[in-house]
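*Asks:* What follows is each chain in one-letter form.
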Amino acid sequence: MTSPSSPSAAPPSVPQARVDELQQDAGRSGGVRQLLSGQVAGPLAALILAVVVFGLTTDTFFKADNFALILQQSVVVGTVAIGQTLIILTAGIDLANGAIMVMGAVVVGKFALDGNPLVALILGAVVCIALGLINGTLVSVFSLPPFIITLGMLSVVTAAARLYTGSQSYPIDAPLLTVLNEGPQIGGTTITYGVMLWIVMTLVITYVLSQTSWGVKVYAVGDNPVSARLAGVKTRRVLLFVYAIAGLIYAFGTWQALGRTPTADPSSYATLNLDSITAVVIGGTSLFGGRGGVIGTFIGALIVSVLANGLTQAGIDSLYQQVATGLLIVIAVGVDHVVRRRQVR
Amino acid sequence: MTTELSSDTTLLQARGLTKHYGHVVAMDNCDFDLRPGEILAVIGDNGAGKSTLIKSLTGAVVPDAGELSLAGERVHFRNPLDARLAGIETVYQELAVAAALDITQNLYLGREIRQAGPMGSVLRRLDKKAMRAGAAQQMADLGIRIQSIRQKVETLSGGQRQAVAVARAAAWATNLVIMDEPTAALGVRETNQVLDLILRVRDHGLPVVLISHNMPNVFQVADRIHIHRLGRRIALVESAHTSMEEVVAVMTGAKPPTSMHTVGADEIAVPALPQDKADNNG
Ligand SMILES: Nc1ncnc2c1ncn2[C@@H]1O[C@H](COP(=O)(O)OP(=O)(O)O)[C@@H](O)[C@H]1O
Ligand SMILES: [Mg+2]
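Chains A and B supply the protein sequences, listed in that same order.
To convert, note that position 245 of the first sequence is 245 in our numbering; the numbers rise steadily by one, no gaps.
To convert, note that position 226 of the second sequence is 1226 in our numbering; the numbers rise steadily by one, no gaps.
Everything labelled a hint here was simulated from the structure, so no lab data went into it.
As the structure is a prediction and not an experimental result, all values here were calculated from the model.
One thing to keep in mind: the hints can contain errors.
As the list claims (entries may be wrong) - Label-pair restraints from in silico Cβ distances:
no.	chain 1	residue 1	chain 2	residue 2	range
1	B	P1216	A	A41	23 to 29 Å
2	B	P1216	A	P145	57 to 63 Å
3	A	G152	B	G1047	56 to 62 Å
4	B	R1145	A	V226	22 to 28 Å
As the list claims (entries may be wrong) - Among chain A residues calculated to face chain B with C-beta under 8 Å, some are:
no.	residue
5	G187
6	V216
7	A220
8	S227
9	R291
To be verified - Away from chain B, derived, C-beta distances all over 12 Å, residues of chain A:
no.	residue
10	L47
11	L89
12	N116
13	F142
14	Q168
15	P171
16	G188
17	L230
18	V233
19	R260
20	L274
21	F288
22	G334
For every residue, glycine included, the Cβ atom is placed at its ideal position computed from N, Cα and C.
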């Protein structure tokens, strides 16, 4: 069956005008309107507001080089936060993502010491995906709470990375491993391949979430797992895939991080888990699952960087940056709460 | 096509269904008959075994014994997917829709249409236009009033939400729709809307099995009533030829089912009224 229709020839009991109206509505495409509606509009307005305020109050903010810098500063959190978004959309959370990314980095660092950097990079990716799969298995097959599972993983993987390296750092010098920090001159400034990769990944995941049936299932599982299961969605399989794909995304985060700081340091990025959650939440994705998307997360990561950068340019103590970020989190969660209260009657 | 069967044939038939949970006999040699094009109400006290019977018709429970046939052919449902593939769709009591998804996404959840050509086969792109058109047609066919097919289900009232669940079931069912207390969570006005919808689904040619506790609702829509007691069907009556008092009396054991005008009594063996629960179950 390709389209729903009752097995009968009985004429519709609704005036034809009404049917036409619905059909017309059905024919219009969603496009930009849909993209800008809901979750993305608020974060985008906040980003624009921040940019305008810092542009007006400092002379150094509104420069192409500064914008390029902000993008580069956002790239690691932004990339990892894509995976975090997928997990939060399923009403889960990943506290171990930073640890997984760092584990990937030290695996790459160790194998690249006297081996092929491509092989090292692939091995790092395999480790990230495997750790994602372990999370996914515990969450989906054994129905354990993601918060607890990933909290445990955070401990185990952080310790494992230090044991594996003897708490040492490895220098990264292979061009392949740092290539994401390079890039062509565009408009008088350097746009790195890392930034381009981040944008492309955001667009690819947006496509997957909004244009494929798998994407619909991710939202359905996060919104109401019971109804999803009753509708025939294999909810466990969807969850398992989400955590595995998040692992793959963290592997790209590893690559981005080695480009930004060419050292594989087992004690780096200790707050990346919370930073990625911050970007997701400020980007308008609901912590309760089922609502949001990665374009919002992209904007959320940018907002955090813009605040850090702008307040520094304005000569304001960096502690105020944390205050501002905290306020934004509270506002974002408050807005989400109001939206859900209004809509879930 | 179900509508081509004559009215005295049976679309879905069960004989001798039995299900034990430890020492509890949830179904005890239970029969079931559904005719094409009818609304069959299933009533019975709490714990009578209605849900167990319904679950064995939808594949959610596999009976220990007994047989099931659909349009004259033996069927074995090992899981809900088997029943769904056989054209049986179920509407559950809890409003089983995803609130953050829109009407179209709910109607097509798990059955999305992909675009033709490489866009669909390689890029897995959904054909949203086709799905919205199909959803609009389905909602219009069933006379369900909504503003837009893109409305998120959370913006709908409880009755409209259940209407979306019914529309989904009716859209995909090719043989019958089963509804387990679809109005239990609704107010009076919304209940009536859903009852109207059930009549329209029937009028479109799909038979409906309706489990309900609400006698006025049952008499409002049902063509026949299956009375369930102590794990089995004790009577099958036409609602036009009986009264609410009589049905309730038989359902609760105050009156023997032999006193009723049962339908097709020659083909349905009416079991003797159990005298004592403990004896009967032991
Ligand atoms: N999964 C189960 N495990 C144990 N006992 C069950 C189970 N399902 C139903 N029963 C028992 O079977 C009997 C019939 O239950 P049920 O089919 O739910 O009745 P109804 O839907 O008519 O209220 C009850 O005594 C109930 O406790
Ligand atoms: Mg029940």
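*Asks:* All hints are to be evaluated individually against the structure, with a verdict given for each.
*Replies:* These are the hints, each one checked on the structure:
The hint said 23 to 29 Å for the Cβ distance between P1216 of chain B and A41 of chain A, and at roughly 47 Å that hint is violated. Between P1216 of chain B and P145 of chain A the C-beta distance comes to about 44 Å, which lies outside the given range of 57 to 63 Å. The supplied range of 56 to 62 Å is broken by G152 of chain A and G1047 of chain B, whose beta-carbon atoms lie about 42 Å from each other. The beta-carbon spacing between R1145 of chain B and V226 of chain A, approximately 27 Å, falls within the hinted interval of 22 to 28 Å.
Because the beta carbon of G187 of chain A sits about 31 Å from the nearest beta carbon in chain B, more than 8 Å, this interface hint is broken. Hint on V216 of chain A holds. Least Cβ distance to chain B is approximately 5 Å, under the 8 Å limit. The closest approach between the C-beta of A220 of chain A and any C-beta of chain B is roughly 5 Å, which is under the 8 Å cut-off, so the hint is satisfied. Residue-level restraint check for S227 of chain A holds (minimum Cβ-Cβ distance to chain B is 4 Å; threshold 8 Å).
For R291 of chain A, the shortest C-beta to C-beta distance to chain B is roughly 5 Å, which falls under 8 Å, so the interface hint holds. The beta carbon of L47 of chain A is kept farther than 12 Å from every beta carbon of chain B, the shortest such distance being approximately 24 Å. Distance to chain B contradicts L89 of chain A as a non-interface residue, since its nearest Cβ pair spans about 10 Å, not more than 12 Å. Look at N116 of chain A: its CB is around 32 Å from the nearest CB on chain B, clear of 12 Å, so calling it non-interface holds up.
Every CB of chain B lies more than 12 Å from the CB of F142 of chain A, the least distance being 21 Å, so the non-interface label holds. Residue placement check: Q168 of chain A keeps its beta carbon more than 12 Å from all beta carbons of chain B (closest about 44 Å). Against the 12 Å criterion, P171 of chain A stays outside the reach of chain B, whose nearest CB is about 41 Å from its own CB. Non-interface status of G188 of chain A relative to chain B is upheld: no Cβ of that chain comes within 12 Å, the nearest being about 36 Å off.
Remark: the non-interface label on L230 of chain A conflicts with the geometry, its nearest Cβ contact in chain B lying 5 Å away (cut-off 12 Å). With a least beta-carbon separation of about 5 Å from chain B, V233 of chain A fails to lie farther than 12 Å from that chain, contradicting its non-interface assignment. The Cβ of R260 of chain A sits about 32 Å from the closest Cβ of chain B, beyond the 12 Å cut-off, so the non-interface label holds. Its beta-carbon lying about 25 Å from the closest one in chain B, L274 of chain A satisfies the requirement of being farther than 12 Å from that chain.
Not every CB of chain B is more than 12 Å from the CB of F288 of chain A (nearest about 9 Å), against its label as outside the interface. Every C-beta of chain B lies more than 12 Å from that of G334 of chain A, the closest at about 18 Å, which supports listing it as non-interface.
Of the numbered hints stated above, those contradicted by the structure are hints 1, 2, 3, 5, 11, 17, 18 and 21, listed in ascending order.
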